[in-house]
Amino acid sequence: MAAVSKINQLPDELLALIFSPGIRNLSSDEHQPLLALICSVCRHWRNVAIEASELWTTIHISLERHIPAAQAFLERSKGRLIDLDIKALNADSVSSAREAAVITAPHISRVRTLAMTVAHFSTYTIFSDAYHFISATNLTSLSVNVIGYLWPLPGPFPLFASANSLCHFNTQGHLINVVSSRTSLTTLELSNYSPTHADIKNLFFESPCLETLILHGFDTNEQLDFGNEDDTPFIITVPTSLKSLAVSLYHPHSNGTGSCDCVLSSLCIPNLEYLEVVGNTVLDIGFNVHFGELAKLQTLRIQRCAVTLADKEFFLSLKELRHLELVDMSSELDIQHITGISPDDPPSSSFSSFPHLSSVFFSTEGEYTQSAFQLLQLAERRVAAGCPRFTLEVEQAHSEEFSKAIQSFIQDVRICVAESDGSAGLIQSMGDMIDDHLFGDQDEEEMDEDVHEWEPEYEEWGEEEYDAFESEDEFYGEDPPATYM
Numbered sequence: 001m002a003a004v005s006k007i008n009q010l011p012d013e014l015l016a017l018i019f020s021p022g023i024r025n026l027s028s029d030e031h032q033p034l035l036a037l038i039c040s041v042c043r044h045w046r047n048v049a050i051e052a053s054e055l056w057t058t059i060h061i062s063l064e065r066h067i068p069a070a071q072a073f074l075e076r077s078k079g080r081l082i083d084l085d086i087k088a089l090n091a092d093s094v095s096s097a098r099e100a101a102v103i104t105a106p107h108i109s110r111v112r113t114l115a116m117t118v119a120h121f122s123t124y125t126i127f128s129d130a131y132h133f134i135s136a137t138n139l140t141s142l143s144v145n146v147i148g149y150l151w152p153l154p155g156p157f158p159l160f161a162s163a164n165s166l167c168h169f170n171t172q173g174h175l176i177n178v179v180s181s182r183t184s185l186t187t188l189e190l191s192n193y194s195p196t197h198a199d200i201k202n203l204f205f206e207s208p209c210l211e212t213l214i215l216h217g218f219d220t221n222e223q224l225d226f227g228n229e230d231d232t233p234f235i236i237t238v239p240t241s242l243k244s245l246a247v248s249l250y251h252p253h254s255n256g257t258g259s260c261d262c263v264l265s266s267l268c269i270p271n272l273e274y275l276e277v278v279g280n281t282v283l284d285i286g287f288n289v290h291f292g293e294l295a296k297l298q299t300l301r302i303q304r305c306a307v308t309l310a311d312k313e314f315f316l317s318l319k320e321l322r323h324l325e326l327v328d329m330s331s332e333l334d335i336q337h338i339t340g341i342s343p344d345d346p347p348s349s350s351f352s353s354f355p356h357l358s359s360v361f362f363s364t365e366g367e368y369t370q371s372a373f374q375l376l377q378l379a380e381r382r383v384a385a386g387c388p389r390f391t392l393e394v395e396q397a398h399s400e401e402f403s404k405a406i407q408s409f410i411q412d413v414r415i416c417v418a419e420s421d422g423s424a425g426l427i428q429s430m431g432d433m434i435d436d437h438l439f440g441d442q443d444e445e446e447m448d449e450d451v452h453e454w455e456p457e458y459e460e461w462g463e464e465e466y467d468a469f470e471s472e473d474e475f476y477g478e479d480p481p482a483t484y485m
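As numbered in the UniProt record's numbering, residues 1 to 485 make up the sequence shown, in order.
No lab work stands behind these hints: they were computed from the structure.
Treat each hint with caution, since some may be false.
In silico lysine to any residue, SDA-like type, Cα no more than 20 Å apart, as pairs [stated by the list, open to error]: (1) K296 x E273; (2) K201 x T212; (3) K312 x D334; (4) K312 x G279; (5) K319 x S244.
Given only the sequences and the hints, what does the whole structure look like? Please build it.
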């Protein structure tokens, strides 16, 4: 008790600062129960928390619950910028959607990030009807996902009147027009996007400042326009600002031929520095077909992709490549299709490819023996060409196996083997996307069970108890305890 009394002697501002770090790192749906716990410790903590507007700026709304608590968060955040997470996964939540739209609409001008996941397009229109005359002046990040909706919009349904500060936009390809202007975008994420050449040309025209483009589940369009009127192929020059491109492909595009009809093969990306391609181990991506000259590429990340001899020309053209990541590759991968190095070439032979390459990350579910020796050959050529240090990065679980295979063959101290998890990559795995879309509330329900002993019963609040944390009498009677141990 004495220790608690000393804590309560701290200035209110300092006590609020102590609360902030624990809340700041939580996901949006974890803020409410933790703040409920803080408010239930003692009356002093509750009063401090209520007055600290910075604690109430992350607001999670699941339409099946949480609306009274969301109202409290909106009020207690006062004039601060807020982060809003709306989930409507129930087809019967029309009235709740309207209520959520009504209580959030007056605060749209101070929304900093908005993530909206709804089960039906009709639910989306409830929010767009409430928001579309409002300018989201402070919105920098927007995510809109309508689950299972796979068709172009039947009409213009912009979510806001304007969002001129928007930098990051994540949505499905056919919902790209829910934002009326994309001139300020620096990062764009699209899933299930099947554009024509006109579509992709318009995308870059309307996003002149785009720096990062992420395409989840990219596919070709059946109505693709194949060329100009004179039958010359399309060449689309993207904005010079584009530095990063990530693409996941789940269907073959080139069918083993030397050409492809999808828009990727038409892109000219003069300043691209990072390229990530995700496929599956049996899918021949056709790097030489899909990606033209990338004179400034510094990092290439390939995950679950088949690489064939036809791709060698593409890899050997990457003169500025610094780092190569080969992630979850087939154990049958022949790395000489990437390096162009024959097993019979002596280590002292001249090697002009990859003049700036200094590290390679490699992971596979199969055996490392053949790949290890091929990567060692690459490292030997690079240090012989003057590279001061070349690092072979291997996932931690297999580093011992990899090292054992080649350690005795490493004759140059400039070659080292290091454990690494590799980069996270820009492409979200399909499994994660399915979990997020279909089971978002399941995690929330599991969390609710864990904190059931102290979390308020949101669903049963009356008019006078609209606030999730308004009355600690629900927990402790008329006099809440001085502390909670």
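Taking the hints in turn, this is what the structure says about them:
Using a Cα cut-off of 20 Å, the hinted pair K296 and E273 holds, with the two alpha carbons roughly 6 Å apart. Note on K201 and T212: the hinted pairing holds, with a Cα-Cα distance of about 16 Å set against a maximum of 20 Å. Taken as a hint, the K312 and D334 pair is honoured in the structure, with Cα atoms around 11 Å apart against an allowance of 20 Å. Using a Cα cut-off of 20 Å, the hinted pair K312 and G279 holds, with the two alpha carbons roughly 18 Å apart.
For the hint pairing K319 with S244, the CA-to-CA distance comes to about 17 Å; that is within 20 Å, so the pair holds.
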